[in-house]
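Starting from the known structure of chain A, fit chain B onto it as the hints suggest.
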Amino acid sequence: MPNAEDLRAALLTLRLAVTVTALLLLIGTPIAWWLARTKSWLKGPVGAIVSLPLVLPPTVIGFYMLLAMGPWGPIGKLTDALGWGPLPFTFSGVVLASVVYSMPFVVQPIQNAFEAMGERPMEVAQTLGAHPLFAFFTVAVPIAKPGFITAAILGFAHTIGEFGVVLMIGGNIPGKTRLISVQIYDHVEAMEYARAHWLAGGMLVFSFLILLALYSRRKGRFDG
Amino acid sequence: MLSMRTLVACLLTFLALVAPANAGGKVTIAAAADLKFAMDEIAAEFRKAHADDQVEVVYGSSGKFHTQIQQGAPFDIFFSADVNFARELKAAGQAVTEPKLYAIGRIVLWSATRDASKLALTDLADPAIKKIAIANPEHAPYGKRAEEALKATGMWDKVQDKLVFGENIAQTAQYAQSGAADIGIVALSLAVNQELASKGGYSPVPTDLHSPLEQAYVVTKHGEDNELAFAFASYMTTEAARHIMTQYGFVLPGETAQN
Chain A
1 MPNAEDLRAA LLTLRLAVTV TALLLLIGTP IAWWLARTKS WLKGPVGAIV SLPLVLPPTV
61 IGFYMLLAMG PWGPIGKLTD ALGWGPLPFT FSGVVLASVV YSMPFVVQPI QNAFEAMGER
121 PMEVAQTLGA HPLFAFFTVA VPIAKPGFIT AAILGFAHTI GEFGVVLMIG GNIPGKTRLI
181 SVQIYDHVEA MEYARAHWLA GGMLVFSFLI LLALYSRRKG RFDG
Chain B
1 MLSMRTLVAC LLTFLALVAP ANAGGKVTIA AAADLKFAMD EIAAEFRKAH ADDQVEVVYG
61 SSGKFHTQIQ QGAPFDIFFS ADVNFARELK AAGQAVTEPK LYAIGRIVLW SATRDASKLA
121 LTDLADPAIK KIAIANPEHA PYGKRAEEAL KATGMWDKVQ DKLVFGENIA QTAQYAQSGA
181 ADIGIVALSL AVNQELASKG GYSPVPTDLH SPLEQAYVVT KHGEDNELAF AFASYMTTEA
241 ARHIMTQYGF VLPGETAQN
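Order-wise, the sequence lines are chains A and B.
Counting with full-length UniProt numbering, you get residues 1 to 224 for the letters of the first sequence.
Counting with full-length UniProt numbering, you get residues 1 to 259 for the letters of the second sequence.
These are calculated hints, taken from the structure and not from any lab test.
By construction, the Cβ of each residue, glycine as well, lies at the ideal position given by its N, Cα and C atoms.
Just so you know, not all the hints are guaranteed correct.
[Unchecked claim] Calculated lysine-lysine pairs in the BS3-like style (CA-CA distance at most 30 Å, straight line):
{"#": "1", "chain 1": "B", "residue 1": "K36", "chain 2": "B", "residue 2": "K199"}
{"#": "2", "chain 1": "B", "residue 1": "K48", "chain 2": "A", "residue 2": "K77"}
{"#": "3", "chain 1": "A", "residue 1": "K176", "chain 2": "B", "residue 2": "K48"}
{"#": "4", "chain 1": "B", "residue 1": "K48", "chain 2": "B", "residue 2": "K36"}
{"#": "5", "chain 1": "B", "residue 1": "K26", "chain 2": "B", "residue 2": "K130"}
{"#": "6", "chain 1": "B", "residue 1": "K26", "chain 2": "A", "residue 2": "K176"}
{"#": "7", "chain 1": "B", "residue 1": "K199", "chain 2": "A", "residue 2": "K77"}
{"#": "8", "chain 1": "B", "residue 1": "K118", "chain 2": "A", "residue 2": "K77"}
{"#": "9", "chain 1": "A", "residue 1": "K176", "chain 2": "B", "residue 2": "K158"}
{"#": "10", "chain 1": "B", "residue 1": "K118", "chain 2": "B", "residue 2": "K26"}
{"#": "11", "chain 1": "B", "residue 1": "K90", "chain 2": "B", "residue 2": "K118"}
{"#": "12", "chain 1": "B", "residue 1": "K100", "chain 2": "A", "residue 2": "K77"}
{"#": "13", "chain 1": "B", "residue 1": "K151", "chain 2": "A", "residue 2": "K176"}
{"#": "14", "chain 1": "A", "residue 1": "K77", "chain 2": "B", "residue 2": "K162"}
{"#": "15", "chain 1": "B", "residue 1": "K199", "chain 2": "B", "residue 2": "K158"}
[Stated by the list, open to error] Sample of chain B residues with no beta-carbon within 12 Å of chain A, all distances over it, derived:
{"#": "16", "residue": "A9"}
{"#": "17", "residue": "E88"}
{"#": "18", "residue": "I134"}
Isolated chain A (complex conformation) (with noise of 0.2 Å):
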């Protein structure tokens, strides 16, 4: 049976996954939106930045990240000198983190939706007078729902599904910075397999029941 170290490790993953959802959601709704309507040529570099996380590996996002975040990088001297202390081994520090590693996981859902939509719903409400900020939360974001769905499913699981980024900085801290994946790893390397198949099978049926309701969705998107 799972014990309470590893119930921690499991809430403390789901508390990490839902903080993340969320910020990303804030965070990337404005970039996608900017990526699907910008002329500028700006547009090609920031959406390659955003998608960067797809391709390299976690070593080299970790790397950089605890040289950033560490006293003598650019963020550390930022959180230092606003009295927050290091992020290095802390909660909000894998959250940073985890933010730069999913966002492409978010951002990229909710760019195809509203390039889906084109620019017609928001020339038409506007032209009835809507102010843009008003038409964007009653037109283009209702008509973009199915992206965003898909966009906080996919940051939800990728972030639980993090392990390199969180091995190098989170310092394997009970409670602030032990994911389930960090603790089926010590398991493992303590051969207490007992214990490792609890987490791993639980995180393997919990895996494709997202997925599931994922993909069921996008089935159905054509239908309704």
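Structure of chain B alone, referenced to chain A:
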């Protein structure tokens, strides 16, 4: 027809290029992370005398290698930071030689941000020290000894909230080196490496605070018929190899440690 022939020629050239250039032997060594720098040098020396052979060294935590070798990982020799992992492999029939002691390790306090040479374990309660990196005691021998030493000095409970855990001793040193952890309890063999030695000082943790870090190697079942594996194993007892090990702060079998 000609294009077919060209294609075949290209393919053969390609195969010739990717195929191993020499017909020599190959040995793959799994080494505990504390050996990183010492073993790099020893392997380099060994290669000089075995130009036709391939010598590969992989570093990681002893616990991980132990698990992997149990599962049939293709390592020929296993240098464990803890003799017990080597003994267990022998008992499980996964090793073909008796565990041979090759060194005794030391743990030291090291820091990139302050002069650790003036610090002792009891100073770690200082509120200015916010994060202390140790290797994961669950499966890394150096982490286990760090835990023992902290418990022996009555510090374990006091520093509980400051501890961060590296996957192996090299990652632990890297946590401290990046400054992300204020101080680390790392292997002496890593602290004397140029990268670390150029930055902060270190202070050895007295050996009577923890059980000895007896390190041993075995030739694995996979390496049973590999002559090169046995050649490397016996190379460890040569003067050249022992000299390198001593330079990295290891106490060798048959010598006495100074506290």
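Distance restraint between B/K100 and A/K77, which requires alpha-carbon spacing of 30 Å or less
violated, 48 Å
Straight-line Cα separation of A/K176 and B/K48 no greater than 30 Å?
violated, 48 Å
Using Cβ atoms and 12 Å as the threshold, tell me whether B/I134 really stays out of contact range of chain A.
B/I134 not clear of chain A: closest Cβ-Cβ about 10 Å, inside 12 Å.
30 Å limit on alpha-carbon distance, applied to hinted pair B/K26 and A/K176
violated, 44 Å
Is the Cα-Cα distance between B/K118 and B/K26 30 Å or less?
violated, 46 Å
Could you grab the alpha-carbon distance between B/K199 and B/K158 and see if it respects the 30 Å cut-off?
Given that 30 Å is the threshold and the Cα spacing comes to 27 Å, the pair holds.
Please work out if B/K90 and B/K118 have their alpha carbons no farther apart than 30 Å.
At roughly 42 Å apart (the allowed maximum being 30 Å), B/K118 and B/K90 break the hint.
Taking 30 Å as the top limit, are the C-alpha atoms of B/K199 and A/K77 close enough?
holds, 20 Å
Hinted pair, alpha-carbon criterion (30 Å max): B/K151, A/K176. Please report holds or violated.
Roughly 23 Å between the alpha carbons, so the hint for B/K151 and A/K176 holds.
Are the Cα positions of A/K77 and B/K162 separated by 30 Å at most?
holds, 21 Å
Is the Cα-Cα distance between B/K36 and B/K199 30 Å or less?
holds, 19 Å
Verify this label for me: B/A9 is non-interface relative to chain A, using a Cβ-Cβ cutoff of 12 Å.
The assertion about B/A9 holds, with a minimum of 35 Å to chain A.
Hint check: violations occur at hints 2, 3, 5, 6, 10, 11, 12, 17, 18; the rest are consistent with the structure.
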